[in-house]
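Residue numbers (this note's numbering), protein chains in the order written: chain A, 1 to 98; chain B, 1 to 98; chain C, 1 to 98; chain D, 1 to 98.
Zero decoy hints are in this set.
Each pair may be met inside one copy or between any two copies, as identical chains are not told apart.
In silico lysine-lysine, DSS-like type, Cα no more than 30 Å apart, as pairs:
hint: 1; residue 1: Lys-27; residue 2: Lys-97
hint: 2; residue 1: Lys-57; residue 2: Lys-97
hint: 3; residue 1: Lys-35; residue 2: Lys-2
hint: 4; residue 1: Lys-27; residue 2: Lys-57
hint: 5; residue 1: Lys-97; residue 2: Lys-35
hint: 6; residue 1: Lys-35; residue 2: Lys-57
hint: 7; residue 1: Lys-57; residue 2: Lys-2
hint: 8; residue 1: Lys-27; residue 2: Lys-2
Simulated from the structure, these hints should not be mistaken for laboratory data.
Listed here are the chains, written in short residue letters.
Protein chains: 4
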Amino acid sequence: MKVLVDLCIVPLGVGISLSPYIAACEKILIDAGLKVALHSYGTNIEGNWDEVFAAIKRCHQALHEMGSPRITTTIKLGTRTDRYQTMEDKVNSVREKM
Amino acid sequence: MKVLVDLCIVPLGVGISLSPYIAACEKILIDAGLKVALHSYGTNIEGNWDEVFAAIKRCHQALHEMGSPRITTTIKLGTRTDRYQTMEDKVNSVREKM
Amino acid sequence: MKVLVDLCIVPLGVGISLSPYIAACEKILIDAGLKVALHSYGTNIEGNWDEVFAAIKRCHQALHEMGSPRITTTIKLGTRTDRYQTMEDKVNSVREKM
Amino acid sequence: MKVLVDLCIVPLGVGISLSPYIAACEKILIDAGLKVALHSYGTNIEGNWDEVFAAIKRCHQALHEMGSPRITTTIKLGTRTDRYQTMEDKVNSVREKM
Chain A
1 MKVLVDLCIV PLGVGISLSP YIAACEKILI DAGLKVALHS YGTNIEGNWD EVFAAIKRCH
61 QALHEMGSPR ITTTIKLGTR TDRYQTMEDK VNSVREKM
Chain B
1 MKVLVDLCIV PLGVGISLSP YIAACEKILI DAGLKVALHS YGTNIEGNWD EVFAAIKRCH
61 QALHEMGSPR ITTTIKLGTR TDRYQTMEDK VNSVREKM
Chain C
1 MKVLVDLCIV PLGVGISLSP YIAACEKILI DAGLKVALHS YGTNIEGNWD EVFAAIKRCH
61 QALHEMGSPR ITTTIKLGTR TDRYQTMEDK VNSVREKM
Chain D
1 MKVLVDLCIV PLGVGISLSP YIAACEKILI DAGLKVALHS YGTNIEGNWD EVFAAIKRCH
61 QALHEMGSPR ITTTIKLGTR TDRYQTMEDK VNSVREKM
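From just these sequences and the hints, can you work out the full model?
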């Protein structure tokens, strides 16, 4: 099952500069062979369900190892059975209507 | 790794009465042996990471089988390494301060 | 316009014990005359759009005044024009189907 | 108070092709003079709190007028008092660390 995800990981207890932690997660997602697109409030991910969620789990494990004792994450995820739609398809579909 | 999740699954293309779909997901989560608490905008889930996300995947599969061609889900999830905190602990901790 | 909201406010830079901040927000929401229900990963709120979002803004202002230099919040919100549905209606509607 | 928002509006009861509705919201946000950046699972918005949430309210009103009887929306929003950070700042800050 293909899934499109929007991932926003927030490590707590490490101050307010979170970019080193987000960068570590980006590397994990890319190393997992997933298609990713960073934006200003999260990261879009495209891939197979099991691989995507295995990588998100590794992100949590990595941030705990980097010193964050508590992590709160927000995920949006979409699946569909009618047709395959890439990240670019979704954006283009909106742009065409504007 | 223990995880606390807030799950909100929204099947599309099935009209605006979503409760039969949410009820089906509740059953899947309960049958998985997970601790769940339904609220007005989602379901809190407490369990081990792998079991929780396997059950959420089954929810998506079940709603597609029930006729929804597209599903969009929002998940909040928390992990912590400092101590174990149940769903009730979190609520009680806030109530004590009020 | 009536709105049902699920609010999860996360103050950063104040360590990992967030309950004093959540308790402060609960008081603000209750003092605003809103109907609220605390759960393990947020607070359900029922009220008029303008009043609900004015209260959420006051929560952000209050947590900054309490010492948090950065806040990240997740909100789910629902509006509908077909009929009026309370927080209890939504939960009961699911429970009936289980 | 400046706010960075990630907005994902989902109209229900209008089938599964949502792009005409998202396009209508994009126009509302742009007409409001807000800085916006569309991505594959939402729209990043940068602006003043009151203007941003007034525009989001207009989006809900517009989608109801376009025929959707029910809307569920997910919003992430961040405020900070330590320094001003644009949408680009956030992305660049992560990229520098990669």
